[in-house]
Each structure stands twice: as structure tokens, then as C-alpha cells.
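Protein chains: 2
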Amino acid sequence: MLVKSQVKYIQSLSQKKLREEEGVFVAEGPKIINELLAASNIDIKQLYATESWIATHRTVSASLDPGIITLVDNKELERISFLTTPNEVLGVFNKPSFTTPIKAKACISILLDTIQDPGNLGTILRCADWFGINQVICSEECADIFSTKVVQSSMGSISRVQVLYTDPDVFLKENGDVLVYAALLDGKNLYDYPKLKEGIIIVGNESKGIRASLIREGIYKITIPRKGQAESLNAAVATGIILSHLT
Amino acid sequence: MLVKSQVKYIQSLSQKKLREEEGVFVAEGPKIINELLAASNIDIKQLYATESWIATHRTVSASLDPGIITLVDNKELERISFLTTPNEVLGVFNKPSFTTPIKAKACISILLDTIQDPGNLGTILRCADWFGINQVICSEECADIFSTKVVQSSMGSISRVQVLYTDPDVFLKENGDVLVYAALLDGKNLYDYPKLKEGIIIVGNESKGIRASLIREGIYKITIPRKGQAESLNAAVATGIILSHLT
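Residue numbers (my numbering), protein chains in the order written: chain X, 47 to 293; chain C, 47 to 293.
Check each hint, because a few of them may be wrong.
Note: identical chains are not told apart, hence a pair may lie in one copy or across any two.
To be verified - Result set (DSSO-like, lysine-lysine): computed pairs, CA atoms no more than 27 Å apart in a straight line:
1. K149 / K273
2. K195 / K243
3. K254 / K195
4. K77 / K195
5. K273 / K77
6. K273 / K141
7. K273 / K151
8. K54 / K77
9. K241 / K121
10. K91 / K243
11. K234 / K273
12. K234 / K77
13. K77 / K254
14. K273 / K241
15. K91 / K54
16. K121 / K219
17. K62 / K241
18. K267 / K77
19. K195 / K62
To be clear, the hints were calculated from the coordinates, so they are not data collected in a lab.
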């Protein structure tokens, strides 16, 4: 049974400040919960599950400290869920820990400038994960990867993709010896680029694109060839197409 | 100034049934509104604009029948807007008209099986539009393309991409002489396929994929090579990657 303080605590985690103070985030639904429970670098703190979830996840739930699980009915789940359609189980997890520091040498990184839509950000993390890229650098203006919408649309990829929030100008300056590629509308055809072994790929804001200060001399401008009339592509779709070709 | 009946009317358009009875849809924000006003196959019925929008769109607003425009302040716009952050202008448009019927011969079509997330559906339309594909077939279970979320995420592409809601099994049967390609996790590498001139590309539901009845003998199964660990790709991203290679 759910107690009032639990409801209050979970609701408070809609605020970035409180998520940061607690070092936690919320995830929902059997698919993501299973993935996060299986991740070695994320610890579960609290799990709120319906009888139906427990019945189909006996082994998983038996492996958890009983103090962690609270049995809830659908009404109770509705009270704590951030989804329009609550989905059997909600977990509060400690943020993932990564043992290797972010680096730009000898790998591909994605640098996101002001990706503000949480769905786009989560989808980009999932994309990066699919294409084997395990680090994403976000400008401070990007959505918070631990907000519920980002967590849900990343589909568990936050356990594998390490994200660093920093000043993108500083990051590029500190990694001046690594080639930089930028997704733009006036660049060279994506398909004229060879596969990458190392590089920083910049993807810009949904409406304003990439800030001018990042488009320095010597960077490679990438354009996905347009064959129709849409003015632009969605940021996550563009990232997927670029990664699919360059990785 | 906004009158009560107008508020009631616009709010009623959140319901599919009423949008269908009226043959209209709602779009918001300067970018989409400008694109739809410029589209020759879509008529504007009502426009609710703030002074700031009118000031920066004198020519456009002067070209409209004065009876169509209602000047609103930000408070009034908030009352009718479906966005969390209302954006200067809201329009009620008649649904687009297309002169050529949907056909599968001599072109590429996308067939969507139960794409339920409106953001995904809108993004897929925008993608199709970018890659010059102007017809999408939706199973009846797909989200409604005239719902506000689809309209917003399609970014104006609904004026150029014709959508047909029908039974996908019937559509494939009726076009039995056209090659069919299906986005699956166990198919042949996308990059082993040549560019297409004609074909129906099937993309399936966000969690259940493509219904079994559509995976008939003789269809070509396409898989986007995975290099990392994510279980799957977002449906719109997958569509974008496939179209980028096949078109």
C-alpha cells in the first residue's frame, strides 16, 4: 500500500532540482524497468508494482530487497505515474554511474546544441545506443536526460550512453585535435563522407539549428540530401540518418 | 475579441469525430501557419492571431478575408491553444484536397501499421515529404493525422503528403504486382538493397512491430544494421534511415 509521503516524494521528482539533490530518476513500464533492473551501473531505490507485474516477474522481484517493492493497485499507480496511461510498474533509480571518463579521441561523440524537446533528446540517446555511440555531450540548454519524458523515450539507453552537460564551445576547444562534423542545411552531401572512426558530430536546436560560435573554420558541414519539399528534418531523425551512414 | 462560441468550437476540434464532421483541423505557430496559408490545396477557415503576429505578417493578413481573422491577446490565445506554450497564431483549416488518387505503381509508398504515437506519425509524414514521397497509407489503428499533435510534428507536410486510411491487407492485395519491403529486426541489411523506383515500405507499431498477416511470402525484409545495444530504433527514425537509403 502506498503512503502519502511516497506519493509526495515521487511527485517531487518531476522537478529537476529535486532529482539532482536526490541523485535519482523515475522510469515506468515493464520494458524500460526490466532493462534498467538488468543494468549493472544503475541501482533501484524504490519499485511500485501492480500484482500483474509481480506475477509475471517473480524471479526479478524475488531478487530485490523486499523493502524496495511496494505493491500498488491501478488507482494508486495512477496517483504516482507521469504517464497518461500508467503501465504496471514505476521505479525510482539512482542515476547511472560510468567508470570511463568522456573523451573525444578515438571514438565518435555527439554534441547536442539546445535540443529542447524531451522526446527528441531521448530518441537521440536511443539512436546513439543503437549505433554503438556511448557518449553524448549536451549544452546546458538541452532538456534534462533524467526528466521522465526523456527517460521514457530513451527506452533504457540512459544506462549505456553517458551524457555530459557542458559548454559546447569549451568542449570543442578542449578537443581541438578532433575533427568536427555539423548537421546543417547548406553542407556537403552526407553520402560523400567516408565512415568515421573518430569525430564530434554536432546536431542543433529544433528551430534555430547550431549556434554560430560552433561553426568554426575547418569543420565539416553535413547535409542530408533533400528530394522533396519539407523545410527540414526532425532532429532525432537527422541524427539517425547521419549515424547510420557515418558509423 | 474572442467570443464564447469560438472557444467552444475550437475546443471541440480536439475530438476526431467533430473534426471529421466539420472537415477541418487546427494548426498553431507562425512557421506551420505560414506554410499552410501558402499551400494551394488547403483553405483557411478561421485565424486567431495576436497583434505581434499581424504586425510581422501584414501582407499575409491583408490578403485574407477580414472575416476570417480574429485579433486575440495572449490570454485569449491560451484559452484556445492546444500547446503548452501558445505561439502567436492559431488557424482552423479545411482539410487538404488532392487531385491525384493514391496509387502504388511507379512510385514509393509508405504503409504504416498501427503507428499510435502522434509525434511519430507527424515526424514520419515530415520525413516522407523530405524524401519526396507523397503518399502514406495508414491502417485504421494509426493516430489521426489531423489531431493537433500530428499536425504540429508534421510541420506543414500534411499539405503535401496524401494519407489514406484503409485496411493494409486489402491495400497489399489490391496492389499485388508491386514489391513490398518491411522494416523488421531479422531482415537483410538495408545497405544491400538498391535504390527503389517503385515499392511499398511497411513500418510497424512502436512496440508490436508489423502484424503477421502483412509479412507474406515474397516480401523483402529490411534491417538497419545495429552496432550497439539498444533493442530497437524509434519508428520515425527507422523510417528516415530507410528512406534516406532507398530513395
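Tell me, please, which holds for K254 and K195 at an alpha-carbon limit of 27 Å: within, between, both or neither? both (22 Å within a copy, 21 Å between copies)
Checking an output row: K91 and K243, CA cutoff 27 Å. Within, between, both or neither? The answer is neither: 38 Å in one copy and 53 Å across copies each exceed 27 Å.
Up to 27 Å between alpha-carbons, please classify K273 paired with K151: within, between, both or neither. between (35 Å within a copy, 19 Å between copies)
At most 27 Å between C-alpha atoms: does K54 with K77 qualify within a copy, between copies, both, or neither? Intra 25 Å, inter 40 Å, cutoff 27 Å: intra-copy only.
Tell me, please, which holds for K241 and K121 at an alpha-carbon limit of 27 Å: within, between, both or neither? Classified as neither: same-chain Cα gap 51 Å, cross-chain 51 Å, threshold 27 Å.
I want to check one pair: K77 and K195. Are their C-alpha atoms no more than 27 Å apart within a copy, between two copies, both, or neither? both (15 Å within a copy, 25 Å between copies)
K234 and K77: within-copy, between-copy, both or neither at 27 Å Cα: between (39 Å within a copy, 26 Å between copies)
Is it within, between, both or neither when you check K267 against K77 at 27 Å Cα-Cα? between (37 Å within a copy, 25 Å between copies)
Intra- versus inter-copy proximity for K77 and K273 (alpha-carbon distance at most 27 Å): between (37 Å within a copy, 21 Å between copies)
Up to 27 Å CA-CA - K54 versus K91, copy category: within (16 Å within a copy, 46 Å between copies)
At most 27 Å between C-alpha atoms: does K273 with K241 qualify within a copy, between copies, both, or neither? Cα proximity of K273 and K241: in one copy and across copies (23 Å, 13 Å).
Same-copy or cross-copy closeness of K195 to K243 [CA-CA at most 27 Å]: neither (31 Å within a copy, 38 Å between copies)
Checked against the numbered hints given earlier, the structure breaks hints 2, 9, 10, 16 and 17 and satisfies all the rest.
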